[in-house]
Structure formats: structure tokens, C-alpha cells
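**Student:** Add chain B with the ligand to chain A, keeping to what the hints say.
If you read the sequences in order, they're chains A and B. For reference, each letter of the first sequence is one residue, going 12 to 92 in the working numbering. For reference, each letter of the second sequence is one residue, going 10 to 276 in the working numbering.
Hints are computed from structural coordinates only; laboratory data are not their basis. Here the structure is a predicted model, which is why all the values come from computation and not from measurement. A portion of the hints provided could be inaccurate.
[Said to hold, decoys possible] Pulled from the structure, derived: some chain A residues nowhere near chain B, Cβ distances all over 12 angstroms: (1) K19; (2) L37; (3) I39; (4) E40; (5) I44; (6) Q46; (7) S64; (8) I78; (9) N79; (10) T81.
[Unchecked claim] Calculated pairs, DSS-like style, for lysine-lysine (alpha carbon to alpha carbon, straight line, at most 25 angstroms): (11) A:K63 <-> A:K24; (12) B:K100 <-> A:K63; (13) A:K20 <-> B:K32.
Glycine included, each C-beta is placed from N, C-alpha and C at the ideal position.
The lines below spell out each chain.
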Amino acid sequence: MEEILPDKKLDIKSLICPYTFVKAKLAIEVMEIGQVLEILLDYEEASRSIPKSMEDHGQTVLKIEKINDTDWILLIRKDKD
Amino acid sequence: MDFTEEQMMRYSRHIILPEVGGKGQAKIAKAKVFIVGAGGLGCPVGYYLTAAGVGTIGIIDNDTVELSNLQRQIAHNVNTIGMAKVESAKKTFGALNPDVNIVAIQDRISKDNIMDLIKDYDIVVDGSDNFPTRYLINDACVMAGKPLVSGAILRFEGQVTTMMPKDGPCYRCLFEEPPPAGLVPSCQEAGVLGVITGIVGGLQATEVLKLILGKGDLLKGELLIYDALKTTFRKVKVPKNPACPVCGENPTITELIDYSSGDYCTT
Ligand SMILES: [Zn+2]
Chain A
12 MEEILPDKKL DIKSLICPYT FVKAKLAIEV MEIGQVLEIL LDYEEASRSI
62 PKSMEDHGQT VLKIEKINDT DWILLIRKDK D
Chain B
10 MDFTEEQMMR YSRHIILPEV GGKGQAKIAK AKVFIVGAGG LGCPVGYYLT
60 AAGVGTIGII DNDTVELSNL QRQIAHNVNT IGMAKVESAK KTFGALNPDV
110 NIVAIQDRIS KDNIMDLIKD YDIVVDGSDN FPTRYLINDA CVMAGKPLVS
160 GAILRFEGQV TTMMPKDGPC YRCLFEEPPP AGLVPSCQEA GVLGVITGIV
210 GGLQATEVLK LILGKGDLLK GELLIYDALK TTFRKVKVPK NPACPVCGEN
260 PTITELIDYS SGDYCTT
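Isolated chain A, as found in the complex (with noise of 0.2 angstroms):
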């Protein structure tokens, strides 16, 4: 398969419920349509809400991988401003 490289990368790593999604949410208004983000997290629920809350907003969810014990990497790729 193809790598999605991330346009941004956000680290919300210690952060929990609800800045974890207020930080992803303030980093892609910022970015431009089509363009991807890459969110480093530690903390599991986010792992569920954060894409959820993504979609719910109109963004694509291109990946979620838990990458060791304790933190998952999530790709959004941005198509609603």
C-alpha cells in the first residue's frame, strides 16, 4: 500500500478529554482542503472519539494504527473547511 504522507504532524500525547479533540480540531481548520494530518496520542478513548468526531464533522479518516503499548497514530485527511 501506498504511504500517506501528513502534511502536519500534532502531538496530543498526556492530553485527555476534551483538548485532545480541541487541539486536533484547531490544527486542520488551519490547513487547506485535501491536505493530510497525522495525530500522535496516547490516550485510548481519543483513539475512538477523535475519528468519530472527525467524520462527524465532515473529515476522511485514512488510518488508525496503534503503533506500540501506549500510543496510537490517526490520519485525517481534511475535506470540509
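**Tutor:** Same frame as chain A, but now just chain B with the ligand:
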């Protein structure tokens, strides 16, 4: 706008709303709102707009805090009795959110100062308690082209409407002239259930935020009437009057008028 960590936390419940977001919160932070009156309505409007992070809030009132105010004027307290209402409100609002620039003006609003007072603000909120001031604010907002969010309360009833410059009716389209002083309830008749001010002020603050954000439908061309005893909200359509003396096609009121307020009760 770059939010500090504190701002990100303070406004997080706004930012996660699709209709607000960081961009909407930045609009709120840039907005300038002028509130007439630091009484029953001015207190909750100013309090919630301060909490929301409105950039600048101007507030004018000439009165000082009295014990009888505390039944409804929630920005004041026993320690600020005797203090100018605007100073008391500024203390309360400032303690809630230091991001907000509160401009406190202890003065009576009049035909001579209103245009200058409102000129730097985006939106005007009427929290006044008497008809002369209500008409003065209406005429000034029509002339200055400022959106006006108007509220009124009496006994168990409240009214709210939003008037946009050159788009929909103004207050004089609804009632051309102030009622004669004899028809206005006297002080001993002018009771009010204190909490009504919170309902109406909350609705006014909501209208202000929707105006700033450009989201939702405003109470434009509509008067919302709240009856607390029946627990009903009623919307009455208000048409624009083409012959309105101030916002009509051939206005006859081209200068501001100070109706004598001596005969009116100011609760
Ligand atoms: Zn009119």
C-alpha cells in the same frame, strides 16, 4: 488566532462546536459589544458575553448598586452596594474572564453622547428599563447602522427582538411613539420575577453571539414573547413599516430625541 493553553481550555466547549470552532472563537474575541444598562438585563448579558470571551464590552449606567437590585442584578453583591453599577459589574466580569476588555462608563445615555459612545462597537444591546432610552437607542442604531438586540421584562413576561440596520423592522415600526407616561406601570406596579431577567438576558446574549458568528436565524422581524407563568414562548411577526418615522422611506425623525424620562418609573 493562536490560542494560549489557557484559552484553549477556557473555550474548549465552544471550539468543539462545528458552528464555532477556533475561527468562530477568534471572531468572538475580536467583537465589540456595547450594553446599555448594568441592571437586570445588562448583568446577565454582560456576564455571559464575558464568559464567551467577547473582546471588548462597553457598558453604560448612571446608577449605583442598591440592595433592592440584588434580587435580579446578578453582577452586583452586598459588597458593591453604593458602588457605581458599571464598576461593580466590571469587577464581577473581570474576575470571570481577564481576557475581556471591559469599558465601564458611569453616565446617563443621551442624545448628545450616544452616537459617539456606540460608534466603535459592532453590536448594541438594549438592557434599559424605560421607554425614552429604548427609543433613543433604536433611533441611534438606525442612524448609525448598528445591529441592536433589544430586551424587555415586566412581572412574569419578557420580550426579545433583534433589529438589523436596513434589513427588517426597527422598534418604531412596531410602536411608533413611546407610550404616554400614565400608561406605563408606576414603581409599585412594576414588579418583576427576578429570574426572568436571566432568561431574557440569556436570549439576548445568544442573539449577540449568533450575530458575531453569522450562524443560525436571528430574531429579525420577530418579537419573541416569553410567559413565565404559562411557560410559553410565542413569536410574533413584526413587519417593516415603509412609513416608519425613522427607518422608513421618508423618515421624519432625522435627529435624536430625548423624551423626558422624569415621568417614567425606572425600576
Ligand atoms: Zn422602523
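**Student:** Indicate, hint by hint, whether the structure satisfies it.
**Tutor:** Taking the hints in turn, this is what the structure says about them:
no.	hint	result
1	K19	15 angstroms, holds
2	L37	5 angstroms, violated
3	I39	10 angstroms, violated
4	E40	5 angstroms, violated
5	I44	15 angstroms, holds
6	Q46	16 angstroms, holds
7	S64	8 angstroms, violated
8	I78	26 angstroms, holds
9	N79	27 angstroms, holds
10	T81	23 angstroms, holds
11	A:K63 <-> A:K24	19 angstroms, holds
12	B:K100 <-> A:K63	42 angstroms, violated
13	A:K20 <-> B:K32	20 angstroms, holds
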